[in-house]
Amino acid sequence: MNSAEAIFNFLENGQISPEENFYYCQTRDRASSRLPKWMSYFQNLGLSEHRSAILTAIIGELTNNSFDHNLGKWKEPAGCAVAFEKQDDLLNIYIADRGQGIISSLGSSLTATLPPDIILKKAFEERISGRAPERRGNGLKFVLKHLQESNNSLYCVSQGYIYSIGPKPKSISEEHIQRIFSTLVVIQWSIK
Amino acid sequence: MKLNIKTFGDFLTSRPAGREAALTSLAYNSGLKGAKNVSLDFSGVIVMTPSWLSEFVQTLKEKGIEKIEFLPSENPTVISSIEFIEPEIE
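One line per chain: the protein sequences are R and G, in this order.
Per the numbering used here, the first sequence runs over residues 1 to 192.
Per the numbering used here, the second sequence runs over residues 193 to 282.
This is chain R alone, in the form it adopts within the complex (with noise of 0.2 Å):
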């Protein structure tokens, strides 16, 4: 099993796998305390330090995430599952979880109704959260922006909806994407 097939077993079935570039974080701080052993990980890639801290940033601004908006929405097991997959040039950065998905967790805060993929745009590049009135909502444009700046890629897929920027990724079938009930992004960072 690859790491694709192991995020998509997480996400439709729950299943964790073995496999070693899986890695299953039940916690925010299980995620967390794993950070310094993928920005590492990213080094020994060939990644600069500064690009390394740039991607460690975006992986533990995605991973937290799921825990601000999902705790006690899980469809079990909770939490968030990461996975790395080396193909050629490009790593690709998978982060899954079985929560409530984005647009009912920024629906909720939202005063118009709005189309689903709307509501997904709206979560990447607005300054919104569907924790407000909290003063959040920086999180994921902080990802939007860096990924942009460095010509790399996102593929984020929630209840169904797409949003993206740069190409899908190969390992992603129309049919997974409607089998995801909750939310994954992939990241395409270059290791050249």
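Hint data in this document are derived by calculation from the structure and do not stem from the laboratory.
Remember, predicted model here, so these are calculated numbers, not experimental data.
Please note: incorrect hints may appear among the correct ones.
Restricting the straight-line Cα-Cα distance to at most 30 Å, the calculated cross-link-like pairs of lysine-lysine (DSBU-like) are [to be verified]: (1) R:122 to G:253; (2) R:145 to G:253; (3) R:122 to R:73; (4) R:145 to G:198; (5) R:141 to G:198; (6) R:37 to R:141; (7) G:198 to G:259; (8) R:145 to G:259.
Position chain G relative to chain R; hints supplied.
Only chain G this time, still in chain R's reference frame:
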């Protein structure tokens, strides 16, 4: 009053950790008692997110710190986190 952020760790990413760091500082750092101005020194921080810094700064301000200065840093995640939260605290 200068706060050395590295004392909270070198990977600073989550909102709960940012809030806890601020509350702990306020409780146990005698130099912060009654202080109105704080300078944040990011030396030694490896990875920071705007979520951690936002929560840290918001908590200090809620508890009476009026002016927060960010000392210069060369770390790209620190620089970017400061840029992201500055509109929130102005």
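Now for the hints, and whether the structure bears them out:
1. R:122 to G:253: With Cα atoms ~28 Å apart, residue 122 (chain R) and residue 253 (chain G) stay inside 30 Å; holds.
2. R:145 to G:253: Since the Cα atoms of residue 145 (chain R) and residue 253 (chain G) sit roughly 27 Å apart, the hinted pair holds (cutoff 30 Å).
3. R:122 to R:73: Judged against 30 Å, a Cα distance of about 22 Å means the pair holds.
4. R:145 to G:198: Judged against 30 Å, a Cα distance of about 25 Å means the pair holds.
5. R:141 to G:198: Roughly 25 Å between the alpha carbons, so the hint for residue 141 (chain R) and residue 198 (chain G) holds.
6. R:37 to R:141: holds (25 Å)
7. G:198 to G:259: holds (20 Å)
8. R:145 to G:259: The hint holds at about 28 Å.
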